[in-house]
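Chemist: In UniProt numbering, the protein residues as written are 1 to 194.
Rather than coming from a laboratory, the hints here were simulated on the basis of the structure.
Incorrect hints may appear among the rest.
[To be verified] Cβ-Cβ distance ranges computed for the label pairs, FRET-style:
| no. | residue 1 | residue 2 | range |
| --- | --- | --- | --- |
| 1 | A83 | L164 | 48 to 54 Å |
| 2 | L26 | L159 | 22 to 28 Å |
| 3 | F24 | R79 | 17 to 23 Å |
| 4 | G48 | V85 | 28 to 34 Å |
| 5 | P117 | I65 | 28 to 34 Å |
Predicted model only: the values in this text are computed from it and were never measured.
Here a beta-carbon is modelled for each residue, glycine too, at the ideal position from N, C-alpha and C.
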Amino acid sequence: MQRGKATARLIGGMGVADIPLLGFLLTLLGAFAWATSNVIVRAIVRAGYKPDVMGLIVWSGLFPIAPFFLVAALVESSRVVWAEVLTAKGLFSVGYLAIASTLFAYGQWSRLLSRHPANQVAPYSLLVPFFGVLSSWLVLGERLSFWQLTGGTVLLFGLAIHVLGPRLFALRGRPTGAPLTTGVEGRSTSVTTP
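Using the sequences provided together with the hints, build the complete structure.
Modeler: Printed below as a string of C-alpha cells:
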C-alpha cells in the first residue's frame, strides 16, 4: 500500500496528478492493445505466413472506426464545434494521423516485427514518447520540465546500454585480434578486429 502512495506522490510531483482515472486506464488499455497486436503479427509470421503488412494495417484500421464514432457521439457530441474541426489545421492533423502515423509508422513497425525477433525491435518503442515530447518542444514551443529532460536522458542512456551493451561487453572480454561471433536469427557471423 505504501508503494502505491509513493508512486502517486511521484506522479503528482511531476505535474500529471490531474489525469482522470478513466483516461489513465484507457491509456493503459491502448498500450495493452498495441502489445497484443505485436504478438499477433509475430504469431502470424511464426505460423509460416508472409502477410502483406500494409494490407494488414489498412484492414485492421477499419475496425476501430465504428466504436470511435459511437463513443464520440455518446460522450462528446455536445462539445464538438465543427467549425473548429474543419479547418486546415484540423484536416492536416487527421491526414497526418491517418497516413504518416497509422499507415506508414505502424506499417514499418509491423514489417520490422515480421523480419526480426521481437526482443530486437521492441526496445525501440521506448523512443515514441521521447520523440513526442521532443516534437512538442520543437514544433509547438512547449517548455520541458526537469522531469521530462531527466526521463528522456535516462531513456536514451538505457536504450543505448540495451542495444550497444552486449557488443561492447563482447569486445571488452575478447582478446585483441580474436574473431567476434554474433548470432542473428540462427545465422552466425565472424568479424575480426585489430
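Chemist: If a hint holds in the structure, say so; if it doesn't, say that too.
Modeler: Hints and how they fare:
no.	hint	in the structure
1	A83 / L164: 48 to 54 Å	51 Å, holds
2	L26 / L159: 22 to 28 Å	26 Å, holds
3	F24 / R79: 17 to 23 Å	21 Å, holds
4	G48 / V85: 28 to 34 Å	45 Å, violated
5	P117 / I65: 28 to 34 Å	32 Å, holds
Consistency note: the structure conflicts with earlier hint 4 alone.
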